[in-house]
Each structure stands twice: as structure tokens, then as C-alpha cells.
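The hints should help you fit chain U onto chain L, whose structure is shown.
Here the protein sequences come in this chain order: L and U. Counting from 1, one number per residue, gives the positions in the first sequence under this note's numbering. Counting from 392, one number per residue, gives the positions in the second sequence under this note's numbering.
In short, the hints are calculated from the structure, not lab data.
What follows is a list of derived Cβ distance ranges for each label pair:
no., chain 1, residue 1, chain 2, residue 2, range
1, U, 398, L, 257, 49 to 59 Å
2, U, 435, L, 217, 42 to 52 Å
3, U, 457, L, 207, 31 to 41 Å
4, U, 421, L, 207, 10 to 20 Å
5, U, 421, L, 157, 31 to 41 Å
In silico SDA-like links for lysine to any residue, alpha-carbon gap of 25 Å or less:
no., chain 1, residue 1, chain 2, residue 2
6, U, 402, L, 198
7, L, 221, U, 419
8, U, 425, L, 214
9, L, 222, U, 400
10, L, 367, L, 311
11, U, 402, L, 236
12, U, 402, L, 233
13, U, 394, L, 208
14, L, 221, L, 338
15, U, 402, L, 209
16, U, 402, L, 219
17, L, 222, U, 411
18, U, 402, L, 215
19, L, 371, L, 383
20, U, 425, U, 478
21, U, 394, L, 215
22, U, 402, L, 214
23, U, 425, L, 212
24, U, 402, L, 216
25, U, 425, L, 216
26, U, 394, L, 211
27, U, 402, L, 223
28, U, 402, L, 229
29, U, 394, L, 210
30, U, 402, L, 212
All C-beta atoms in this analysis are idealised placements derived from N, C-alpha and C, irrespective of residue type, glycine included.
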Amino acid sequence: MGKRVGMEVSIAAAEAVKQANVDVISAYPITPQTHIVEHLSEIVANGEMDAEFFCVESEHSALSVCVGSEATGARSFTCTSSQGLALMSEITYIASGLRLPIVMILANRTLSAPLSIWNDHSDVMSIRDCGWIQFFTENGQEVYDHVFISYRLAEDREVLLPVIINMDGFTLSHVIEPFEMIEQEKVDQFLPPYQPLYRLHPDHPITMGAFALPSIFAEAKKAQEVAIWSSMPKILETWKAFGDMTGRYYKPIETYKAEDAETLLVTMGSFGETASVAVDKLREGGRSVGLVKIRLWRPFPFDELKKATLGAKQLVVIDRAISVGGPGGPVASEVRSALYGSDNRPAIYNFVAGISGRDVAPQDFVKMVDKAEIEIEEGNKEGYEIYGVRE
Amino acid sequence: MTKPENEWTWKEIPIGNVVLEPGNASQYRTGDWKSLKPILDKEKCIHCGLCYIFCPDMAYNLNEEGYFIADLFYCKGCGICAKECPTGAISMVVEEEGK
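This is chain U alone, in the form it adopts within the complex:
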């Protein structure tokens, strides 16, 4: 992976701002858009994966313990996962407070 775009100088940008490397949208941190973040109550989680299916940013990943956890680098805090969760296991909390 090349260095983050906010470190590029004007001399390093390809002519016409052409993007030569495919798949680089994964480098784009959309996570800093959010004001709310999802918190999972593992007691209530039934591992159905609906949060994973509905997440518009594909921020959810299955962890080794079998829980779907949102990657906060990508999560925009839209709250769709919390709305769709059939057991109410996901709650949206103000980011600072949830630390």
C-alpha cells in the first residue's frame, strides 16, 4: 500500500490525478464522519449476522469468537445495524461517551 494521501506532495500525484492502484477505496477512512457508534451487548447477540448484511459500508466483520463487530475505521455511525438487530443487541452511543 502506498502512503496515506494526506502525506503526498504535489510532485507525487500521477498526471491528471489518475488512480493507478485498484481497490484503494479501502484506504478511505469513512469512520471519522460518525457522531454515534454501535456497541454490542454480547448477552443479547444471537449471531444472526443481519448487522453484517445490512451495513452499507461493509464495516462489520466476524471475529474469532463468532461475533460480528463493526470496524470503526469504516463505520459512519448510520445506525442501520442497531435498527435491524432483531434482539436489540446493538445500541448507538455518542462516540466520546462510549469510550
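Here chain L stands alone, though its shape is the one from the complex:
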């Protein structure tokens, strides 16, 4: 077992990047991602890590540098939040289209306006369809672990896709948690040096990022779509290998006291831990409530979600982003799509909660369950509301 230490989650994330033997780090500071890159720049400046640290003038450049370095075969890392991701968004589509296995940590933060530095998922939802594999994490250990998992997965010849590790800003990034660090030898064994399939090299000239005519564009996109779906077994395999090494096994959909539960809370990200406290309270009161946590956002695990939720009477889906003018929250949309074709599908009540970092305590989850159960009982089976808004 690795050493157990107390550490700020951002610092642990930076330590993981160091242990993953990344060659190129390119990032622009933005709250709440700042501590990760500050620590990385310190590590590199102190000579503790053999990497190039690029101080760029914007996030657009940060990811562009990663695209270039990754194209030459260098393991590359970037990290951002909110407006920074919005500025990067153009390049996110390019990285996945070129199949460059970049890994990014996204310390999730609200998109302006109104201006806010606090946490929600509106940043990542703005690039939901950009073609990156997207994980959500519940605590610091998961962030640390997923750096290794992500590089091994991304660089797999049968995957070759970029990965986003979502961690809730402040809620995770700025708290001190206990970590079980993995010994360097084990990391090196789990994550061998990157062997690119294609790379830019003067001895073997190739073209990356070429123009595609309408006559071939659809085929190119189909290939990309198939690639991300084909990564699903590789994701499971990588989690399994990681679990065998550390004892920490991860799944696309995780459940807590969900078997036989009539009502299921469905959450994504750090909500999971708080919601599990609420489930315990509700269970103590004799209520049949469980929890379903979505860890893998893209590719979306439709089958696993169905398996975890069919049989329940109702789902209370909690989103941390609004789809303005749309059907509610993005997670609820996906859950509804997953279950639409199933017989006896549960009623789905959707709350948007905790946007811009407003605290959502266990008691709030209890209130949401209470409210949803009453609404559904009264026939409102497709409800949606923003939780806790003052009328």
C-alpha cells in the first residue's frame, strides 16, 4: 500500500502529473485551477521533473501548444476552468479530431454572466460534444488516480483520444484530503512511456489537420464516433488494471444502497458523497432511497445506467448546470434518453442545484427527494425546477 498523506487536492493532482512523467505542461492560470499549475511550475523550476513548462498568453494557446507537442509524440498536460475552457473550446474539437491523447484536468467553475468564480458544471457542458472522454470525480483520491488512468487509456493504440478529468472547483480543488500516493515504480509499471502511432518527425513527413471535403467529412466523423464508443471496453479494462494494482476499482456508474430502492438520486461529481449522507439519513427513517452516481460522462454509459435505474419507481436527477431554453439539466436529458425506450421506466424529476457553488447539504438532498416524491405522486412525472430559488 502506498504512503497515506494529507494534501490539498490541487497539489495531489500536480504530483500525479509529475509521477505520470508528463513531457509538456502548457497552461494559463485561472481560479480555481490555479494551484495545480502553480505547483507544477514550481516542480519544473526546481528540476524535480523533466518537462517543458509553457507559460502561454491564453488558454487558446495553452491547448494549441498541447496539440503541437502531442503531435510530436510528447505526453502533454493542460488544466483550466470556466472562461478558460470557453476560450479553449475551439481547440478541444481539434485535439479529438486529430486523435491526440492529451489529458486535461478541469476544475469546474461557472461560466459568466453573472461573473462567478464558484463551482458548477456549465463550463464542461459547453463542450459536451467535443469528442473527449470525460470523467467526473467525487473526491481528491479519484482525481489523483484518474491522472494515471487517463494517460494509460488515452494513449492506448485502440483508443487515442483526449481525456478530461472533471473535478468540482473549490469543493475538491481547494480542500485538504487524505491521499494514498502510489509508489513511482508502480506508476511506471502501470503507465509505460508513450509510443505514438503517428507523429510529426522530419524523417517521416506526414500531414496532420488536413482539409476534408464534404465527400469524406462524414466518414471521418463516423470513424471518430466509432472510436469513442470502442473505447468503452478499454475504459473498463484500464479501471480493472488500476484496481488490481491499488485496490480502488472504478465503474462508469456507481451505486450506493440502490438495489431495491424505490427512489434513486442520480448525481455526477462531488455531489455523490454528500448525497450518500442524505441516503443514509433517509434509510434510517425507513425510506426506500438509493443513489446512482455517474462517473463516465462521455462516452455515456447508457446500458449501465439502465441496469442501475430500471426497477426504481422514480429518479431524482440532480444537475449542476442549466440548459437554458432546453429540457432542464444536461444529465437529466441523457438519463431520459437512456430510459425512453424501456418499459416501466421510472418517473424522472429533475433539479438543477448548487449552481455557482451554492452549498447543497445532505438536508437539501432530503428536501429534493421529498419534493420530487410529492410532485410525482400528484402526477408531475417530468418535472424540472431550479432548487432553492427565492420566489
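Same frame as chain L, now just chain U:
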């Protein structure tokens, strides 16, 4: 040369749409962009080659008889050759009519 791109299936595209074969821009038919095509009046042609020099698509080639002729697979019909021709030997005609 590999087969034309409009016959490739999604399974045949290299990962990341990498282009492994150099010089393949020559396979790109820019000729179907045009609405006008150049017609050479051989009586007026003085074989100066200015059409060949000015053509932005390098569509002009010298034929065995010593005339520069535009390859319509590449010619976009821009008309620069006709404009630059010192003797007015090249005229741009609507493609269908010039057949």
C-alpha cells in the same frame, strides 16, 4: 495512387485523418469550381508562356505542338491567363457553350 477519396469508407481513413502520402494535392479536382473556361486561339498565340507563368493553379502545360494548354481538371476558370495574354489569344467562355 490510392483510390479517390469519395470512395473511401470510414474504416479506411487513417486514425486522426493523418495524410500519409505526400504530394496528394494533385488528386484534388479544383476544375469543377469553374463557370468559365479558357479557349486558345492558336492563330494569335505567340508561345510566350505568360499564361503558364501567371496561372495560380499551375493548370497550364506545354503540349507537343508547343502550345500552353490549361488542364481543365485543375483550371478554376479565374481568367488571369486571358487577362495577361499580350495578344488576346485566350478568351473565357461559359463552360457549356464552349463544348
